[in-house]
Amino acid sequence: MTEIVVSQTPPMLHGPTEKEKKYDRQLRLWAASGQAALESANILLVNSGAGTVGVETLKNLVLPGIGKFTIADDALVNEADLGVNFFLDESSLGRLRSECCTKLLQELNPEVQGDWFPKEKGPLDLANVLETSPIFTLIIYTNPIRKEDLATIEAYSSQHRTPVISIHSAGFYSYFRIALPGTFPIVDTHPEVEKTADLRLLNPWPELVEFAKEMTRNIDALDDHEHGHVPYVVILLHYLEQWRQSHSGENPNGFKDKTEFGKLVTRGARTNNPEGGEENFQEAVAAINKNIKAPELEAGVEEVFNHQVSDEAELESMFWVIARAIKQFYHKHGCLPLPGALPDMKAQSSVYVKLQSIYKAKARKDAQEVLETVRASPGGKDVDPTEVDLFCKNARFVKLINAKPRQLNLSQVFDTEKASDEEAEAMKVATCGAFSLPASNFFIYLALTATAHNPAATAEEIVSTITNAVPEAAGHERLWQVAQEVARAGGGELHNISAITGGMVAQEMIKIITKQYIPIDDTCIFDGISSRCQVLRL
Amino acid sequence: MATTAASTGPSRWQYLDKIRRNPGPFNQDSDVGDEALAAQDKAKILVIGAGGLGCEILKDLALSRFKDIHVIDMDTIDISNLNRQFLFRQDDVGKFKAEVAAAFVEKRVKGTKITAHNGRIQDFNEDFYMQFQIVVCGLDSIEARRWINAMLVNMVDMEDQDSLKPLIDGGTEGFKGQTRVIFPTLTPCIECQLDLYTPRAAVPLCTLATIPRQPEHCIEWAHIIAWEEQKPFPNLDKDDPEHITWLYQKASARAQEFGISGVTYSLTQGVVKNIIPAIASTNAIIAASCCNEALKIATTAAPALGFEESYMMYSGDDSIYTSTFKYDKKPDCTVCGEVAKPLQVDPKMTLKELLDSFALKADLQLKKPSIRAEGKTLYMQFPPSIEEQTRPNLEKTLQQDLGLDVGHEVVVTDPAFPTLTFRFILSFV
Amino acid sequence: MLKIWSMKKEQQKAENAEGAGGKKKKITAAQLRVQKDLSELSLGSTMRTIFADADDILNFVLEIKPDEGVYHGGLFTFTFNMDQNYPHEPPKVRCQQKIYHPNIDLEGKVCLNILREDWKPVLNLNAVIVGLQFLFLEPNASDPLNKEAAEDLRSSRENFRRNVRTSMTGGSIRGTSYDRVMFNRA
Chain A
0 MTEIVVSQTP
10 PMLHGPTEKE
20 KKYDRQLRLW
30 AASGQAALES
40 ANILLVNSGA
50 GTVGVETLKN
60 LVLPGIGKFT
70 IADDALVNEA
80 DLGVNFFLDE
90 SSLGRLRSEC
100 CTKLLQELNP
110 EVQGDWFPKE
120 KGPLDLANVL
130 ETSPIFTLII
140 YTNPIRKEDL
150 ATIEAYSSQH
160 RTPVISIHSA
170 GFYSYFRIAL
180 PGTFPIVDTH
190 PEVEKTADLR
200 LLNPWPELVE
210 FAKEMTRNID
220 ALDDHEHGHV
230 PYVVILLHYL
240 EQWRQSHSGE
250 NPNGFKDKTE
260 FGKLVTRGAR
270 TNNPEGGEEN
280 FQEAVAAINK
290 NIKAPELEAG
300 VEEVFNHQVS
310 DEAELESMFW
320 VIARAIKQFY
330 HKHGCLPLPG
340 ALPDMKAQSS
350 VYVKLQSIYK
360 AKARKDAQEV
370 LETVRASPGG
380 KDVDPTEVDL
390 FCKNARFVKL
400 INAKPRQLNL
410 SQVFDTEKAS
420 DEEAEAMKVA
430 TCGAFSLPAS
440 NFFIYLALTA
450 TAHNPAATAE
460 EIVSTITNAV
470 PEAAGHERLW
480 QVAQEVARAG
490 GGELHNISAI
500 TGGMVAQEMI
510 KIITKQYIPI
520 DDTCIFDGIS
530 SRCQVLRL
Chain B
0 MATTAASTGP
10 SRWQYLDKIR
20 RNPGPFNQDS
30 DVGDEALAAQ
40 DKAKILVIGA
50 GGLGCEILKD
60 LALSRFKDIH
70 VIDMDTIDIS
80 NLNRQFLFRQ
90 DDVGKFKAEV
100 AAAFVEKRVK
110 GTKITAHNGR
120 IQDFNEDFYM
130 QFQIVVCGLD
140 SIEARRWINA
150 MLVNMVDMED
160 QDSLKPLIDG
170 GTEGFKGQTR
180 VIFPTLTPCI
190 ECQLDLYTPR
200 AAVPLCTLAT
210 IPRQPEHCIE
220 WAHIIAWEEQ
230 KPFPNLDKDD
240 PEHITWLYQK
250 ASARAQEFGI
260 SGVTYSLTQG
270 VVKNIIPAIA
280 STNAIIAASC
290 CNEALKIATT
300 AAPALGFEES
310 YMMYSGDDSI
320 YTSTFKYDKK
330 PDCTVCGEVA
340 KPLQVDPKMT
350 LKELLDSFAL
360 KADLQLKKPS
370 IRAEGKTLYM
380 QFPPSIEEQT
390 RPNLEKTLQQ
400 DLGLDVGHEV
410 VVTDPAFPTL
420 TFRFILSFV
Chain C
0 MLKIWSMKKE
10 QQKAENAEGA
20 GGKKKKITAA
30 QLRVQKDLSE
40 LSLGSTMRTI
50 FADADDILNF
60 VLEIKPDEGV
70 YHGGLFTFTF
80 NMDQNYPHEP
90 PKVRCQQKIY
100 HPNIDLEGKV
110 CLNILREDWK
120 PVLNLNAVIV
130 GLQFLFLEPN
140 ASDPLNKEAA
150 EDLRSSRENF
160 RRNVRTSMTG
170 GSIRGTSYDR
180 VMFNRA
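Residue numbers (numbering that gives the first Met the number 0), protein chains in the order written: chain A, 0 to 537; chain B, 0 to 428; chain C, 0 to 185.
Accuracy of the hints is not assured; some may be wrong.
Simulated pairs of lysine-lysine, BS3-like, Cα-Cα distance not exceeding 30 angstroms [stated by the list, open to error]: (1) K347/B - K8/C; (2) K257/A - K392/A; (3) K289/A - K212/A; (4) K35/C - K367/B; (5) K2/C - K41/B; (6) K194/A - K212/A; (7) K417/A - K347/B; (8) K35/C - K351/B; (9) K66/B - K97/C; (10) K7/C - K329/B; (11) K2/C - K325/B; (12) K392/A - K194/A; (13) K94/B - K66/B; (14) K91/C - K329/B; (15) K272/B - K194/A; (16) K289/A - K119/C; (17) K395/B - K23/C; (18) K403/A - K331/A; (19) K347/B - K325/B; (20) K237/B - K20/A; (21) K119/C - K175/B; (22) K395/B - K360/B; (23) K237/B - K8/C; (24) K43/B - K94/B; (25) K417/A - K403/A; (26) K340/B - K8/C; (27) K272/B - K360/B; (28) K175/B - K289/A; (29) K194/A - K67/A; (30) K367/B - K64/C; (31) K230/B - K97/C; (32) K43/B - K66/B.
Keep in mind that the hints were calculated from the coordinates and are not lab data.
The following block holds chain A by itself, in its conformation from the complex (with noise of 0.2 angstroms):
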């Protein structure tokens, strides 16, 4: 039978904005509500050195559309210049690098609006430029920084709670660091689609329940094309009924419990037809192993629910309202809020629908529930309702960052990289090569720390500075190639890896501009010989 259909308005017949269609390719990613946090995002680069990274960074934010960008940099452009920065050209010696940066940045988007610092040729009073600007979202420095800038910025950080993001290119390495202010939660963190189904197969709801019972109360007398369209929702339903009668209750448990089980489905198909079996029963067999299986809590809600939040300004956020609220539901039901969503099977157009209606109404009732917890919670009253049904749906892989407390013994750090390079390098000759993990970067983070503010450091001065704070450091022979390599770079940006390390830090920034996908939780660190990053939390 026809199902009657909410009646939807007719199509619009307006298509895409102009806009809409420039920024197509990445609404496709991060949608409009995205799209609108980077276009009231308001980013300052504190620029320095051969200044390549930091501009390479912005470029890729501009494109997107951010909202407005400064560059303090009181360097005058030199030959050198011209030599790995792409905005500036000719007419740009001996001029401002800040003003020439910002000016053909901003070519590249009207919409971006730019600024830059000092005015007029001389000294930088980064204090000033803080002072007298709208607040930052968001800060870059690059290294080389003078320590006086640098104790600038964090000190505005720590006063606006402002993220400020370090970066280092030399020679063939960099590396990046967030600091954020506190922990980041995400809600919208973009999981594999794969990963998402949540059918709840083994603890179903009265609806679903009376669904599949109707549909399969007479299943040997369904019709062949009936049956072959019963969707593998349903007909798993249905045999779990029939194993927990011959198993005294019990769900189908274990890889030998779900072999059995998927034989049983098996021997559900009709085989009488020219095909030899029914695609739906294939399946429903395929999707056994993924779909049967008690629910179990992901590590990134867990990580949120047992979060002590110290802070008082994130205690009072809408996400720990929210998050408490969903918590009590899952200690109330033993499973979190229903994502509602329902992956394509093999069904009759009308009995999908039906069947995505169930989910979409259990979602729903879900949602309202854990609505009610919130408004009847402190802080909670003028909640947003998508924002709960966001989090709802995406509750299983809510994730934090900068949950855990920072690395600030070098030494342990060291030790623990030391020592996986040491099992690498074990497998490996087990192995006789065929069998390889890579190396640590961390000795590559020294290294380049070690020149934070002395870029044209010899390799002895690296090492001796490194072996100074890392005693254990001494000796090490990946250690010295390493500073060997970035006294070779001179504090020199070579372009290539300026533009990888200036394309990871933008993505980073719009991460947590627009709170989707899951920045680094630290610290990144490149190896452009070899071609790898390693993130580690420092």
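Starting from the known structure of chain A, arrange chains B and C on it as the hints suggest.
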């Protein structure tokens, strides 16, 4: 040796020269003498594609001190390119990408010559590709990648050491991407790695026709079935908003009929054009990674990808992960697997005589050989219709009648060896 | 520049392979594969191939004369087109006649899993030809392209048979006329 510029203030390439002129711990044996480095000045490098990756690649190569760059692209600029193809402006919409991109970078980076080719890679022959030392690809189509790969593999000639051209290939999708370096015939080629590209998941036609369940099913139905039945315009132009609107309305009506929600204009466009999300930052990462490999190959300033690990994958959705892989050459790769053997024949010989000789050759012993050349079916034993059509060729002479020449490849198959193909390059006695 | 050539020479020595030099005119991967596929074809007595141009093996017509089943006595032709991406992409196959069949629509599109969602490069032309042959012996009512024909087949096999016969002689069913496909056995 101190650079002469040191006394006169900073020189343009001083940062790059530090790593070009001083060997480091990982390239101790490199030749960094003036003569070796001068080779980079003379190097001609080809960029295929002037889109998201291509624009970045041109910038990165120019600032890696490559002075003679060519770029091929057949496309013109669309407004949806402007969020990442940073060499193009609103006013450039409709112009050739290769031309605009080349002119921009040439103007910005003094001393760089960039030659634009507005066309398809297939429009150029072996002579054209032979002039380059390195090829860098920023393509979005597997077909084009396979074409240039086959071209470069086939160009390798043991008598000409300039014939082996490293191929560096980049690709992106959303926050992810990959870089690979191929030394044709030496390391695994694109064809050896084809299984790394997941083909687009297709929905059965009958689902589209009778039991749609998803908005995408309704859109595909409008695209594949309704369009052809009704032909509202003579040819479907996926870039024409009027055409997309027609499909969108058809799909919406069908969705409504079946109670399916979620058909939007944007989704319609996405499904019909198979749009892959693309952003500036990912292109920046992958393009620069490709050019970093090009620079390493051209200067030996550091070991390049290719011989050990040949493939770097970048993923930025969930933190940042990179992995590098060692991939194996496929011995039965249809492009680089079987090396064509030289076959010396008498040009006046008939085709039949040639085929008979295959039966006698101790290392072949082919009793029922079928034989083809590029674009030419010489003789096929099967199926019967084509056997009949090609039978007259048996009495023809190889060179004069059949047009075969030195350097032509012939491929021989025989039902007795279903898994084998025998490939020969002809030469004349 | 990296010394690639010396590595190439080493490889050549190690594999003891004789390569052919000079400028070459090579056969494309798609042609090579189709040549292989064609020589492994098993057509039987009910099918034959027609090549408009023997040199262009990427395009041909397959003729099927089912010798049993409801379509017995008909002659059906399908165009086969392989592009340079074959076998990465499936061959494009179309029925040239307007016929009454649950799995072939009025435009000639064929619903056969290995022509679309289940195609894999390890499959070959023979697999497709076997699939087509099967469609004439066992039309599948469960997942149709031509919904009316499928409903027909599901509700009454006899009725379906009658309608197929009508359509094959050029008659019309529910207002749609079909191509005459009967061939005369002389």
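Comparing the hints with the structure gives:
Restraint check for K347/B and K8/C: the C-alpha separation of about 35 angstroms exceeds 30 angstroms, so the hint is violated. The hinted pair formed by K257/A and K392/A meets the criterion: a straight-line CA distance of about 28 angstroms does not exceed 30 angstroms. Of the supplied pair hints, the one linking K289/A and K212/A holds, its CA atoms being roughly 22 angstroms apart against a limit of 30 angstroms. With a C-alpha separation of about 13 angstroms, the suggested pairing of K35/C with K367/B holds against the 30 angstroms cut-off.
Restraint check for K2/C and K41/B: the C-alpha separation of about 16 angstroms stays at or below 30 angstroms, so the hint holds. Under the criterion of a C-alpha separation no larger than 30 angstroms, the hint pairing K194/A with K212/A is consistent with the structure, at around 27 angstroms. Note on K417/A and K347/B: the hinted pairing is violated, with a Cα-Cα distance of about 71 angstroms set against a maximum of 30 angstroms. Note on K35/C and K351/B: the hinted pairing holds, with a Cα-Cα distance of about 20 angstroms set against a maximum of 30 angstroms.
Between K66/B and K97/C, the direct Cα distance comes to roughly 60 angstroms. Violation of the 30 angstroms bound is thereby established for this hinted pair. Between the alpha carbons of K7/C and K329/B the distance comes to roughly 17 angstroms, so the proposed pair stays at or under 30 angstroms and holds. A threshold of 30 angstroms between alpha carbons decides the hint, and for K2/C with K325/B the separation of about 20 angstroms falls inside it, so the pair holds. Using a Cα cut-off of 30 angstroms, the hinted pair K392/A and K194/A holds, with the two alpha carbons roughly 13 angstroms apart.
For a cut-off of 30 angstroms, the pair hint linking K94/B to K66/B stands: about 25 angstroms separates their Cα positions. For a cut-off of 30 angstroms, the pair hint linking K91/C to K329/B stands: about 28 angstroms separates their Cα positions. Between K272/B and K194/A the CA atoms are separated by roughly 26 angstroms; this keeps the pair inside 30 angstroms, and the hint holds. For the hint linking K289/A to K119/C, the alpha-carbon distance of about 25 angstroms falls within 30 angstroms, and the restraint holds.
Restraint check for K395/B and K23/C: the C-alpha separation of about 22 angstroms stays at or below 30 angstroms, so the hint holds. At roughly 28 angstroms between alpha-carbon atoms, K403/A and K331/A fall within 30 angstroms of each other, so this suggested pair holds. Straight-line distance between C-alpha atoms of K347/B and K325/B comes to about 48 angstroms, which puts the hinted pair past the 30 angstroms bound. Of the pairs offered as hints, the one joining K237/B and K20/A holds, with about 14 angstroms between alpha carbons and a cut-off of 30 angstroms not exceeded.
At most 30 angstroms may separate the alpha-carbon atoms for a hinted pair to count; K119/C and K175/B meet this at roughly 25 angstroms. For the given pair, K395/B sits about 21 angstroms from K360/B by alpha-carbon distance, which is consistent with the 30 angstroms threshold. Proximity of K237/B to K8/C is assessed by CA-CA distance (about 49 angstroms); at most 30 angstroms being required, the pair is judged violated. For the hint pairing K43/B with K94/B, the CA-to-CA distance comes to about 25 angstroms; that is within 30 angstroms, so the pair holds.
Taking the CA atoms of K417/A and K403/A, the gap is about 22 angstroms. The hint holds against a cut of 30 angstroms. Annotation: proposed proximity of K340/B to K8/C holds, straight-line Cα distance about 17 angstroms (limit 30 angstroms). With a C-alpha separation of about 53 angstroms, the suggested pairing of K272/B with K360/B is violated against the 30 angstroms cut-off. The straight-line distance between the Cα atoms of K175/B and K289/A is roughly 26 angstroms, inside the 30 angstroms bound, and the hint therefore holds.
A threshold of 30 angstroms between alpha carbons decides the hint, and for K194/A with K67/A the separation of about 37 angstroms lies outside it, so the pair is violated. Restraint check for K367/B and K64/C: satisfied, since their Cα atoms lie roughly 28 angstroms apart, inside the 30 angstroms limit. With a C-alpha separation of about 17 angstroms, the suggested pairing of K230/B with K97/C holds against the 30 angstroms cut-off. Between K43/B and K66/B, the direct Cα distance comes to roughly 8 angstroms. Compliance with the 30 angstroms bound is thereby established for this hinted pair.
When the structure is compared with the earlier hints, violations turn up for hints 1, 7, 9, 19, 23, 27 and 29 and for no others.
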